[in-house]
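Participant: Each chain, written out:
There are 2 protein chains.
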Amino acid sequence: MSQQEPYIYFEDCAVGQTFNAGPVTVTQDDIIAFAREYDPQDFHTDPVKARDTVFGELVASGWHTAALAMRMIVAATPKMKGGMVGRAVENISWPRPVRPGDVLSLAIEIAELRLSKSAPDRGLMRTKNTVVNQNGETVMTMEAVVFVPRSGGKI
Amino acid sequence: MSQQEPYIYFEDCAVGQTFNAGPVTVTQDDIIAFAREYDPQDFHTDPVKARDTVFGELVASGWHTAALAMRMIVAATPKMKGGMVGRAVENISWPRPVRPGDVLSLAIEIAELRLSKSAPDRGLMRTKNTVVNQNGETVMTMEAVVFVPRSGGKI
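Quick mapping for you: the protein sequence lines, in order, are chains A and B. End of the first sequence sits at 157 in the numbering used here; the numbers just go up one at a time, nothing left out. End of the second sequence sits at 157 in the numbering used here; the numbers just go up one at a time, nothing left out.
The set of hints was computed from the structure by calculation and includes no laboratory data. Note that beta-carbon positions come from the ideal geometry of N, C-alpha and C, so glycine has one too. Worth double-checking, as some hints may not be accurate.
Stated by the list, open to error - Part of the chain A face toward chain B, derived, beta carbon under 8 Å:
1. 40
2. 42
3. 45
4. 49
5. 50
6. 68
7. 72
Based on the sequences and whatever the hints tell you, model everything.
Facilitator: See below:
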């Protein structure tokens with residue numbers, strides 16, 4: 003990517019490239035506010051009732067962690083002309099819970115690049131995304147397939 | 003599931019069972035508020051700037067649609083003892099955008115049931131989830147794998 007060019011294009015990308023994003027601190031208030039709106043279950047909304055659940059404590063909704071991952075990705079990765087448009091997400095897993103006070107960061111690795119069959123002015127990039135907490139423990143993994151404009155395209 | 007029992011257990015489930023959830027109306031304010039927090043890109047946050055993007059109009063973040071799907075699932079499906087805990091999510095796709103004013107609903111189908119190898123008191127259920135808009139057009143599909151307690155288990 004040239005220094006004069008504010009955008010990243012398909013031609014600038016290579017399998018194996020990595021990006022780091024974050025950190026973001028997750029507060030108890032954040033966890034409860036998200037969950038009241040989108041995932042209202044006791045282990046996400048009520049620190050006292052959460053003690054009697056399988057988690058034994060308040061933990062973040064997995065969808066909250068996914069949304070925070072998106073925020074970190076948008077803030078930290080090189081900009082694509084037209085924005086970052088997801089085609090699909092595959093294989094999300096949450097091997098450990100996210101707790102109040104956790105500090106999350108994200109590693110992104112380009113795992114695959116291919117041209118779009120339907121749109122000649124863009125390609126598709128598969129990324130492997132790993133969200134870790136302040137102890138380096140993985141709390142979420144996900145693979146995303148996003149469109150990437152080609153440098154000569156009209157997008 | 004007996005009528006005296008408020009919870010659903012692994013033994014109550016069968017492949018092919020379906021559940022319906024929703025509807026939920028998505029407002030422009032909802033779309034912008036979610037996106038400012040978690041997916042701040044012009045086509046999700048600014049109705050005017052969105053006109054010059056690939057979408058040509060304001061559209062919801064795919065993560066917003068996913069979070070709304072979770073809200074519909076929690077509200078509408080039979081309760082599991084211990085709550086609904088996701089093991090993984092696979093194959094999310096967003097074939098069409100969600101626009102302000104769209105009315106979303108969700109169909110859930112049990113696609114697979116198996117016992118957990120690590121935890122004898124629970125099983126795993128794979129569900130196929132399809133979110134449609136008011137025109138019956140699919141805006142998101144996703145497969146989820148969730149834990150389901152067995153009726154004799156300690157969960």
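Participant: Does each hint fit the structure? Answer for all of them.
Facilitator: Against the structure, the hints come out as follows:
no.: 1; hint: 40; result: holds, 4 Å
no.: 2; hint: 42; result: holds, 6 Å
no.: 3; hint: 45; result: holds, 6 Å
no.: 4; hint: 49; result: violated, 15 Å
no.: 5; hint: 50; result: violated, 15 Å
no.: 6; hint: 68; result: holds, 6 Å
no.: 7; hint: 72; result: holds, 5 Å
Taken one by one, the earlier hints fail for this structure at numbers 4 and 5, listed in ascending order.
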